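Trainee: These protein sequences, in sequence, are chains A and B. Okay, so the first sequence: first residue is 164 according to the working numbering, each after it adds one. Okay, so the second sequence: first residue is 17 according to the working numbering, each after it adds one.
One or more hints might be untrue.
[Said to hold, decoys possible] Below, computed lysine to aspartate or glutamate pairings styled on DMTMM-like, alpha-carbon distance capped at 25 angstroms: (1) B:K80 with B:E150; (2) B:K109 with A:E478; (3) B:K80 with B:E198; (4) A:K251 with A:D327; (5) B:K302 with A:E368; (6) A:K484 with A:E446; (7) B:K302 with A:E478; (8) A:K484 with A:E368; (9) B:K186 with B:E198.
If you are wondering where the hints come from, they were derived from the structure by calculation, not from laboratory data. All values derive from a computational prediction rather than experimental measurement.
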Amino acid sequence: MSDTSQASATVPARTSASLRHQGVAFVVLGAFFLTAPLAMYPVFLMKVMCFALFAAAFNLLIGYVGLLSFGHAMFLATGGYLSAHAAKVWGLPPEMALLTGTAAAAVLGLAAGLIAIRRQGIYFAMITLALSQMVFFFYLQTPFTHGEDGIQAVPRGMLFGVFDLSNVWAMYFFVYAVTGAGLLLIYRIVHSPFGQVLQAIRENEQRAISLGYRTDRYKLLAFVLSAALAGLAGATKSLVFQLASLTDAHWSMSGEVVLMTLLGGLGTVFGPVAGAFTLLAMENYLAQLGSWVTVVQGVIFVICVLTFRRGIIGELGRVIKRPL
Amino acid sequence: MDTIFGVPTQALFGQLLIGLINGSFYALLSLGLAVIFGLLNIINFTHGAQYMMGAFCAWFLLNKLGVGYWWALAIAPLSVGAFGILIERLMIKHLYQLDHLYGLLLTFGLALIIQGLFRNEFGSAGLPYQVPAELAGGQNLGFMFLPKYRAWVIVASLVVCMATWFVIEKTKLGSYLRAGTENSQLVQAFGINVPRMITLTYGFGVGLAALAGVMAAPIYQVNPLMGGDLIIVVFAVVVIGGMGSILGAILTGFGLGVIEGLTKVFYPEASNTVIFIVMAIVLMIKPAGLFGTQK
Numbered sequence: 164m165s166d167t168s169q170a171s172a173t174v175p176a177r178t179s180a181s182l183r184h185q186g187v188a189f190v191v192l193g194a195f196f197l198t199a200p201l202a203m204y205p206v207f208l209m210k211v212m213c214f215a216l217f218a219a220a221f222n223l224l225i226g227y228v229g230l231l232s233f234g235h236a237m238f239l240a241t242g243g244y245l246s247a248h249a250a251k252v253w254g255l256p257p258e259m260a261l262l263t264g265t266a267a268a269a270v271l272g273l274a275a276g277l278i279a280i281r282r283q284g285i286y287f288a289m290i291t292l293a294l295s296q297m298v299f300f301f302y303l304q305t306p307f308t309h310g311e312d313g314i315q316a317v318p319r320g321m322l323f324g325v326f327d328l329s330n331v332w333a334m335y336f337f338v339y340a341v342t343g344a345g346l347l348l349i350y351r352i353v354h355s356p357f358g359q360v361l362q363a364i365r366e367n368e369q370r371a372i373s374l375g376y377r378t379d380r381y382k383l384l385a386f387v388l389s390a391a392l393a394g395l396a397g398a399t400k401s402l403v404f405q406l407a408s409l410t411d412a413h414w415s416m417s418g419e420v421v422l423m424t425l426l427g428g429l430g431t432v433f434g435p436v437a438g439a440f441t442l443l444a445m446e447n448y449l450a451q452l453g454s455w456v457t458v459v460q461g462v463i464f465v466i467c468v469l470t471f472r473r474g475i476i477g478e479l480g481r482v483i484k485r486p487l
Numbered sequence: 017m018d019t020i021f022g023v024p025t026q027a028l029f030g031q032l033l034i035g036l037i038n039g040s041f042y043a044l045l046s047l048g049l050a051v052i053f054g055l056l057n058i059i060n061f062t063h064g065a066q067y068m069m070g071a072f073c074a075w076f077l078l079n080k081l082g083v084g085y086w087w088a089l090a091i092a093p094l095s096v097g098a099f100g101i102l103i104e105r106l107m108i109k110h111l112y113q114l115d116h117l118y119g120l121l122l123t124f125g126l127a128l129i130i131q132g133l134f135r136n137e138f139g140s141a142g143l144p145y146q147v148p149a150e151l152a153g154g155q156n157l158g159f160m161f162l163p164k165y166r167a168w169v170i171v172a173s174l175v176v177c178m179a180t181w182f183v184i185e186k187t188k189l190g191s192y193l194r195a196g197t198e199n200s201q202l203v204q205a206f207g208i209n210v211p212r213m214i215t216l217t218y219g220f221g222v223g224l225a226a227l228a229g230v231m232a233a234p235i236y237q238v239n240p241l242m243g244g245d246l247i248i249v250v251f252a253v254v255v256i257g258g259m260g261s262i263l264g265a266i267l268t269g270f271g272l273g274v275i276e277g278l279t280k281v282f283y284p285e286a287s288n289t290v291i292f293i294v295m296a297i298v299l300m301i302k303p304a305g306l307f308g309t310q311k
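With the rest of the complex left out, here is chain B:
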C-alpha cells in the first residue's frame, strides 16, 4: 500500500472525505447563521436544535408516515422553517430594540427547551436512518472507496451554498436583503416590508439548518443531542471566517472540515480542539476574521 508522510493513502483519503463531509455541514450551518446575523443581528443559538429537528423530521416522516428521503429534503426544511417563523414572530421580534446579547440568551433558552423535550421523548441513544436506496453502495476509485451518499452530501451542500450565494449577491431580492443589512430604516422608507423580510430570512436560515439535519441523518445517527456540541464548533467557524461575507462562510466551513480531517490522521489527540486552536490563532492575527470587516 502507498503511503504519504508515513500514513497509508487509504486512511488519508478516508479522513479527507470525512473532513469534507463535516465541512459540508459546517458550511451549511455557518451560512444559515451568517444570513440570520446579517439581517437580524442576533446569533441563533437554536441553530443546532433546529438542525436536530430537521433530522428528526426526516426520521418521523420515514418511520411514521412512510415518506422517503427525497420528500423529506423538501418537507423538513419547510416545516422547521415555519416553526422558526413562529418563534421569530412570537418572541425574537420583541428583542430588536434591545442589546443583541438578549437574542443570544433567548435562543439559548429555546435550544435548551427543544433539546430537553426531544431527549425526554426519544432518550439520548441514536435512532438509525437508512441511506436512500438510490444512493446506497459506492464506487471504488482505485485509491479509495467512495460511498455514493457521501459524494451526494458534498455536492448537494456545495450546490445549496452556491445557490444561496447567488441569490444574495446577484438577484434583486438579495439586493434588498443586503440593503436591509446595511440600513433597514432606509430600506423601509423605500416601501419594502422589512419586518416581513426579516421574518422570512429567519425562516430561511432555520430551513437551511433543517436541510443540513436531513442530509446528516443517514451519516450520523438521529440523536437529540446531535446539534448541541456541533453548534459550538460552528460558532468557532463563524468567528474564524468573520460574518461579513457569504462566500467566506462557505470557504471557511469546508476548509476547517478538511483541516479537522487531516488532524485526525496526523495527530488524532488534537482533532477535537484543532478548530478552536485555529480560531485563537486567527483572532491573534486578524481579529475581524479571515473574511470579515471589523465593526
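So here's chain A without its partners, still in its complex pose:
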C-alpha cells in the first residue's frame, strides 16, 4: 500500500539500533503480560493475546506484502473448529489439538491463496471475503461444527501430559508462550531475507519480478504462513473459551481484525497487539450498549482512515523517531 509504505518508510528495520529498540519493546510487552494478571481479569488478557496473534498474522500480509485479506476469519474459525474437534471428539492432548487446527488452517490457506493471489489490490480483498463467506456457509451446514451451537465444552486437557490446563494460571502461561512464540516468529519472518523480498514486492512488484523473484511464490508462502498463524490463534482461543462457534467465521470477524491492525498501526511490529488490546478493552466496556458496538467500530474505522492512518504504534514510533 502506498500510504503504509510512506508510514513505514521510516522503518528500514535493518540497522542494529532499530533492532535493539524493538528488542526492548518486546521485553516491555512480555513484562506487561506477565504482570497484568495482577490487575486485570486473566481470561480477558488471554483473549487479548489470542487476538493479538490473530492481528499480527493478518498484519504480516497487509503490512509487509501489501495484501489486504478481508477473509481472515476463515482461518481463525478453521483453527478453532479443528482443534476443538480434535480435543473433544478425537481426544487428542492440547498440543496436538493446536497442531491439528494450525495445519488445517495452513491447508485452507494454501487453497485460498492459490485462488486469491491471482488478483491484486481491491480484487484480492473481495476474493478473500467471498471465499471466507463460502467457508462460513460450509461450517454452518456441515454436521461436525454443530451449526449455531458450535462445539461446546471443549476439554483443555493435560499439556504434554504434565500441566493441567483447567488451572487458569497454567492456561494463562500456555497462551502467553504460544502468543510470544508466534509474535517472535513473525518478527523473524519480517526481518529475514524472505521478509525483505516480501517488502520489495509490496513496494514495487514489477521490479521484484524483473530482479528475478517469483513473486507469486513469495506471496503464496506469506499467505500460508499468515493463515497458519491465524489458525494457531483460533485454536488457542477455542481452548481458552472451550468453545468454537460460528461467530469466528463470520465476515464481521474479518472486519474486526482489519480494524485492530489499522488502529494499532499497519506494518508495525507491535501495532496489532496494541490494536487488539484497545479494541477488546473498549468492547468490554461497551458490552452493555449492545449493537452500538458496531456503530462505534464503524466510527473508529472512519476516523482511522481519514485522520489516523499510522495507528497508535505508528504515531508513537514517529514521536520517538524509531520504528516499533
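Starting from the known structure of chain A, fit chain B onto it as the hints suggest.
Mentor: Same frame as chain A, now just chain B:
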C-alpha cells in the same frame, strides 16, 4: 405433473423465476459498483447499506407519509443518492491520492455505522411492505404461476440496466465518463469538471443501489441487515464478470442468479455457496474475470 430430470416443472420454473429475480438485484447492484469503480477506483462497501436505505426509504414514505410505491421509486434513489454525494464530498474525496484500499476500509466503516444505527432503531426483525395494488396478483401461464410484481422487477431491472449501458456507451455524457475512467487528468485539461463528474457518478451509483432496495422491499422484508450478506455475493459477481464492461456486469448478474436458482432445485445444500465456487473456478481459468481486462 411433468418432470424434467426428475424435478417437477413447477418447482423448476419457480426456482428459475427466483433466480431471475435475484439476478435482477445482482445485476443492478454490480452495475452500480462497476460504474463507481470505473471513475472513483474505489469499491463501495457501503453499497449494501445504501440498498437497505432505499428499502427503508420506501417503507418510511409509505407508512409515515402515505406516499406510495411509484413515488418511492423516484424519491428513494434521489434522496439516498444525495446522501451518497454528501459522503463523497465530506469523506471519500480525501482518499483519492491514497491507496485504493483505504476507500474500501472507509466505506466498510460507513456500512457498519449505517447498519448499526438502523438496527438500533428498527431491530433485526423484518418490516413488511405491501406489493402496490397495480401489481398485485398474477398470471397463470399454464406451466407455472407468475406473480405480476416479480415480472415487473425483472423487466424494470433489465430496462434500467440497458438504459445505463446506453447512456455510458452511446451518449456524449457517457463518453466523458469513459474518458475520465481512462485518464481523468487529460479530461480535466479539456475543460471538463472532473471532480463534479466524480461526485455525480458516485451519487448515481448509490441511487441505483437505492432503486434496487425499493424494488426489493415488497419481495424480501425490509430489514437493516438485508444488504450486509448480499453485498458479499455481489462482490463475487463483480469478480466473476470483471469490472471492465457494463454489459458484462449485467450478464453476469442475471446469469449467476439463474445458476443459483437451478442449484436450489438440483443440489440445495450448495445454493448458498455456488456463486463463490463459480468465482473460484473462473479465477483459476480466467483471472481477469469473464469480461474483464487484467490491469
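Trainee: Hints first: check each against the structure and report whether it holds.
Mentor: Status of each hint after checking the structure:
{"no.": "1", "hint": "B:K80 with B:E150", "verdict": "holds, 21 angstroms"}
{"no.": "2", "hint": "B:K109 with A:E478", "verdict": "holds, 24 angstroms"}
{"no.": "3", "hint": "B:K80 with B:E198", "verdict": "violated, 45 angstroms"}
{"no.": "4", "hint": "A:K251 with A:D327", "verdict": "holds, 16 angstroms"}
{"no.": "5", "hint": "B:K302 with A:E368", "verdict": "holds, 21 angstroms"}
{"no.": "6", "hint": "A:K484 with A:E446", "verdict": "violated, 31 angstroms"}
{"no.": "7", "hint": "B:K302 with A:E478", "verdict": "violated, 42 angstroms"}
{"no.": "8", "hint": "A:K484 with A:E368", "verdict": "violated, 28 angstroms"}
{"no.": "9", "hint": "B:K186 with B:E198", "verdict": "holds, 17 angstroms"}
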